[in-house]
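Engineer: If you want the building blocks of each chain, they are given just below.
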Amino acid sequence: MDKDKNKKIGKQVERWDLFARLTPTLFLVTSGLLVLFNIVTLEIAFYIGLTGFAVTAVTWWWWAIFTIRYLIQTLTRASANLGEVNEEVILIKEELAELKDDE
Amino acid sequence: MMNDKTFRIIKAATNVISGMSMATLIILGVLYIGFNNAFVFNNAGIAVTNNPVTGDQINFILEGSRRHECTLTRVHSDAYDDTTGESYQFDFARKIYIRSNDYLGSDTGVVDHQWAMPVPDGMGPGVYRVSLYSEFDCVYLLFKKTKIQMFDNISLVIE
Chain A
1 MDKDKNKKIG
11 KQVERWDLFA
21 RLTPTLFLVT
31 SGLLVLFNIV
41 TLEIAFYIGL
51 TGFAVTAVTW
61 WWWAIFTIRY
71 LIQTLTRASA
81 NLGEVNEEVI
91 LIKEELAELK
101 DDE
Chain B
1001 MMNDKTFRII
1011 KAATNVISGM
1021 SMATLIILGV
1031 LYIGFNNAFV
1041 FNNAGIAVTN
1051 NPVTGDQINF
1061 ILEGSRRHEC
1071 TLTRVHSDAY
1081 DDTTGESYQF
1091 DFARKIYIRS
1101 NDYLGSDTGV
1111 VDHQWAMPVP
1121 DGMGPGVYRV
1131 SLYSEFDCVY
1141 LLFKKTKIQM
1151 FDNISLVIE
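These protein sequence lines map, in sequence, to chains A and B.
Counting in our numbering, the first sequence runs from 1 upward without gaps.
Counting in our numbering, the second sequence runs from 1001 upward without gaps.
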């Protein structure tokens, strides 16, 4: 279950990476050409860019919040599990020491 | 399949191009907002220089500063007499330039523009409130916009 979610997050990070690499250049070139050929006005291109920027910022913000929350939960669980293992190792050590003493 | 080195170079190149595109978009966006919100004239005012007017000509002065390249496309001006309620329209077709070496500050950005217009027909003695409505086509880098600037409460005294 966690492995699937980790894979999902990994894929999402890759998608964000690709989006960040391609979108600004694609938008700049596309809007530049559309304005150059008078298909859209500069004002419309500006507002489309502003809307895209705002939507991306809000989407990324919520994605980051949920991902960080998931990572913190995973870390807390892993840390708790490690603590349990540590306690068990100490117990085993003590038992081994007792066994040695008995011998 | 591309090798690791080529992949790294492409990744680095897309990083640089994307960063530069983002910086360009942000700079253009900020410049556009600045241009869009800017007035045609800053700290500007219009006044009548030959108050009280005794002859048949009214002299005006426009002083201020200007940041962007703007061309006047339409102008309209009225004089109101608050006591009688009468209004007179100025005829800009009969406008005479008194001082216009640097047209609306196109070279220096400093506007010192003086012009004269005849007293409208039938305009009697009195104190008038002049308002001036002007439309400009302003250009800045690759941006172009039609802007409106109004000047109100210009005092005119006719004797």
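Source of the hints: derived by calculation from the structure; they are not laboratory data.
Since the model is a prediction, treat every value here as computed from it, not as a measurement.
We put the CB at the ideal spot given by N, CA and C, even for glycine.
Check the hints yourself; a few may be wrong.
Stated by the list, open to error - The calculated SDA-like cross-link candidates involving lysine to any residue, where the alpha carbons are at most 25 Å apart (straight line), are:
1) A:LYS11 to B:GLY1045
2) B:LYS1005 to A:GLU14
3) B:LYS1145 to A:PHE53
4) B:LYS1144 to A:GLU14
5) B:LYS1147 to A:LYS11
6) B:LYS1147 to B:GLY1045
7) A:LYS7 to A:ARG21
8) B:LYS1145 to A:THR51
9) B:LYS1145 to A:GLU14
Unchecked claim - Residues from chain B that keep clear of chain A, each with C-beta distances beyond 10 Å, as calculated:
10) LEU1025
11) THR1073
12) THR1084
13) ILE1096
Said to hold, decoys possible - If you want the footprint, here are the derived chain A segments under chain B, 3+ residues with CB under 8 Å:
14) 24–31
15) 44–57
Engineer: A separate judgement is required for each hint: does it hold in the structure or not?
Structural biologist: Against the structure, the hints come out as follows:
no.: 1; hint: A:LYS11 to B:GLY1045; verdict: violated (61 Å)
no.: 2; hint: B:LYS1005 to A:GLU14; verdict: holds (19 Å)
no.: 3; hint: B:LYS1145 to A:PHE53; verdict: holds (24 Å)
no.: 4; hint: B:LYS1144 to A:GLU14; verdict: violated (40 Å)
no.: 5; hint: B:LYS1147 to A:LYS11; verdict: violated (49 Å)
no.: 6; hint: B:LYS1147 to B:GLY1045; verdict: holds (17 Å)
no.: 7; hint: A:LYS7 to A:ARG21; verdict: holds (21 Å)
no.: 8; hint: B:LYS1145 to A:THR51; verdict: holds (21 Å)
no.: 9; hint: B:LYS1145 to A:GLU14; verdict: violated (41 Å)
no.: 10; hint: LEU1025; verdict: violated (6 Å)
no.: 11; hint: THR1073; verdict: holds (18 Å)
no.: 12; hint: THR1084; verdict: holds (44 Å)
no.: 13; hint: ILE1096; verdict: holds (37 Å)
no.: 14; hint: 24–31; verdict: holds (count 4)
no.: 15; hint: 44–57; verdict: holds (count 3)
Hints 1, 4, 5, 9, 10 from the earlier list are contradicted by this structure; the remaining hints agree with it.
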